[in-house]
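Student: Chain by chain, the residues run as shown.
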Amino acid sequence: MDRPTRIVVISACFLLALSGALAGTRYWLLGGDLSGLTKDARWRVNIRINADAKRKESYVKLLVPAKSDAQQITAEEFKESGLTHHFVTEGNERNRVALWQNTSVKGPKEMAVTFVVQAQPNQQPSPPPAAKQRAKLLQECLASTDQIQASAPLIQQKARELTKDISNPDKKVDAIYDFCAYRILNNYVPGTVDAITALTTGASDCGGKSRLMVALCRACGIPARVIGGLILNESVKRESHVWVEVWQNERWVPYCPLNGRYQTMPSNYLLLYRGDYPLIRHRYMDALNYSFTIFRVAALESDTNVGTNRWQQLATVASFSHLSPNGQWALRFLLLIPLGALVVCIIRNIIGIPTLGTFAPVLISIGIHLAPLRWGIATLLAFIGLGLLVRWLVDGLKLLLVPRLSVMLTFVIIGMIAFVIITDRFESELGVIVGLLPVVILTMSIERCWMLELEDGFVNMFKHLLGTLSSVVVICLVFRWKTLTTLMFAMPELLLTVIAIMLLIGRYSGFRLAEFIRFRALANGNKT
Amino acid sequence: MGTKLKAYLRLLGAHHILCMNRRNARYIAPGNPRQHYRLVDEKIKTKTLAAEAGVPCPETYGVVTYYGEIKRILTRITTTYNTFVIKPNRGAAGRGVLVLERDKDGKWRKPSGVRMRAMDLHFHVTSILSGLYSLSELPDQTLIEQRIFPHVFFKDIACGGTPDVRIILFRTVPVMAMMRLPTTRSDGRANLHQGAVGLGIAIATGISSAAVCHNGHITCHPDTGANLLGLQVPDWPAALAAARRLAAHIPLNYIGVDLMLDAQHGPMMIEANARPGLNIQVANNTGLRPRLEFLQTLFARGATADQAWAELYPRIAADTL
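Sequences listed follow chains A and B, in order. For the first sequence, the numbering used here begins at 1 and goes up steadily by one. For the second sequence, the numbering used here begins at 1 and goes up steadily by one.
These are computed hints drawn from the structure, not numbers from a lab. Quick caveat, the model's predicted, so the values are computed rather than measured. Incorrect hints may appear among the rest.
As the list claims (entries may be wrong) - Below, simulated DSS-like cross-link-like pairs (lysine-lysine); rule was C-alpha separation at most 30 angstroms, straight line:
1) Lys104(B) x Lys398(A)
2) Lys171(A) x Lys158(A)
3) Lys107(B) x Lys398(A)
4) Lys6(B) x Lys463(A)
Next comes chain A alone, as it looks inside the complex (with noise of 0.2 angstroms):
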């Protein structure tokens, strides 16, 4: 072993002690749970209600979220004056209230309610209910109500056009979701819309396209009720949400005809109540105003149990737990650049495989690996393709080197406008690619292919092109390999172990897999 090889050797072995000896104690003073460390985001909501009370009998009724699996509440605070406040549970959802009774004179009164969410990210199916009100529960969620019509005519004969040939209750409810989300037009309208309204306008907004769905399950027979609360983004607004849950399958399943979401509901999703009613009641209240502030809090806070004791505290040292959303998010996106770099060393110098730039693949990877592998990969052969085609049309143009990549970097970009304007038609999340997407990087690419192809021939143009989509696959397969990356952010010094596996590759001086195809010829012949 030669001199740099020994000293190569020496401190990668150093540096895998390190970071597993570090990794190793934080894990270990944590108790093997990393989850405090890379808790998903979490919400601070703040519910803040004004209102005149006209009589000393005033009450204010609101109703607030209730503690389970799918969303963990902490750190609930209430704060008023002039009243008091207590909770009840209310109807056969056992939905949780917060009631606040006037104890004074009459006059302008405030209250709030603040707590942190700390959302799971596609929350399934909730948990059917206790036997006890399940009959009586499931009964409610056939009646036919004011806002509800599901015994009306006009329902009763939507219901049976919608599921006319089918006889599968879970295709029946496919029919009636796919009639509301996509046949009712998104529309905002002032007041509450019920299912009649919704259907004969063909617009409505979340309540009035909910009610509807609601109303035509129930005329199918199929136990359906709506669904209160608020989507979690970063605002102050006055807007609540409302969506449906479907009794199938012996459990609750959750639709949002408004958003277009099917059986899962994302992580920004809020459960504050079960069943159609108002979120907030009051009685002898007049000019009563509310609204609603939501923003995106760290992760780790007193409040969580990660960090209670002095030794936990000190695993979550130089960790990312502390940093706000936005910078966890930034580190994320920063983390993946050297485990690409590191996919990228092993495919150069242990397999061998050509590529259009020796990063590109990685920059290209941080932007597709969001959307699904193969929408991604489509996606970029299409502006690929897109680029040279421009590339071959101003081909005959003879530009300049400099303005010709400008030209084709502005077509590629009205290439991503056009994409972006379909998708978001569609309400895809593919438009996210497009953001992310390094288009002076792929532009280059482009224009490094046309070159190839004019100076080497098309089969090694056709190679190098397979070498960066390939690469571009295993990039994204590991970045999307979510224990590997979630470890990363974890323990920030499993980056010294990357630096450790570089240093050993930076060494290797034995054959490429690839060299075994070129220096075919060799082991084939004899040698003389």
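Mind docking chain B on chain A? Use the hints.
Tutor: Same frame as chain A, now just chain B:
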């Protein structure tokens, strides 16, 4: 599958192939200091060094550095010469090289017969200047120089282009050589991966010993059918001497020197390369490692380049490395 792979690996091991990672880590990284790369990456600089070392190279007709000079210099050259070559100063692998000749009507054409108008020449030069063919895509200079006419030796074994000789030297000792013969498939270019023939040359004698095309061993030229083995390259001692003189003038340990054999003037230096490719091993049907490692032990013992040469050659000839 497993046994086949094992046999395959043993064969590659028996040939002592120098692979890309080993070349980069063992020879280029320690032996070729980065700051001297430009001496070989820029053809104008290499030609200056060659002139100092007394190595013949094609006459420079003109150098274009600024867009404003293109018209003036092109006009001067197109009115003075009947044939010439335009190439990028920092080009690689023959990219951006344009050979031009005047036909009997006074029009400029490529050797393939494709007509080149004044506008096309102008555009080609601007492409070079903007760095299109340049190694690191930096703005570049354009070199316009004398065209080499291949030696009569190549009459039957090169098609549509100019063949060249590549000699790899380690600390000024030539270790392996090959000739790259253009074919119809390679469209006149001397790149092996495009279908040019790689002809392994015995370094001591200059006699061709093996030939490959598209990674398969051949004995005849794919276009002309002419025999390729056992040919004596003309002026071989002169070619070796030229490469050694140039290498001694360049402070890089591991280089490839490309020469062309001109019909009148003999071996002429075209360019040098700080990262010479590994396909030369395929053309010679043997690996570089034994030769390089043998030289390393000699140099470690304090041998001079001449002593090392004297010791290496008999061993290569006798195949006792």
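Student: Going back to the hint list, which numbers does this structure go against?
Tutor: none
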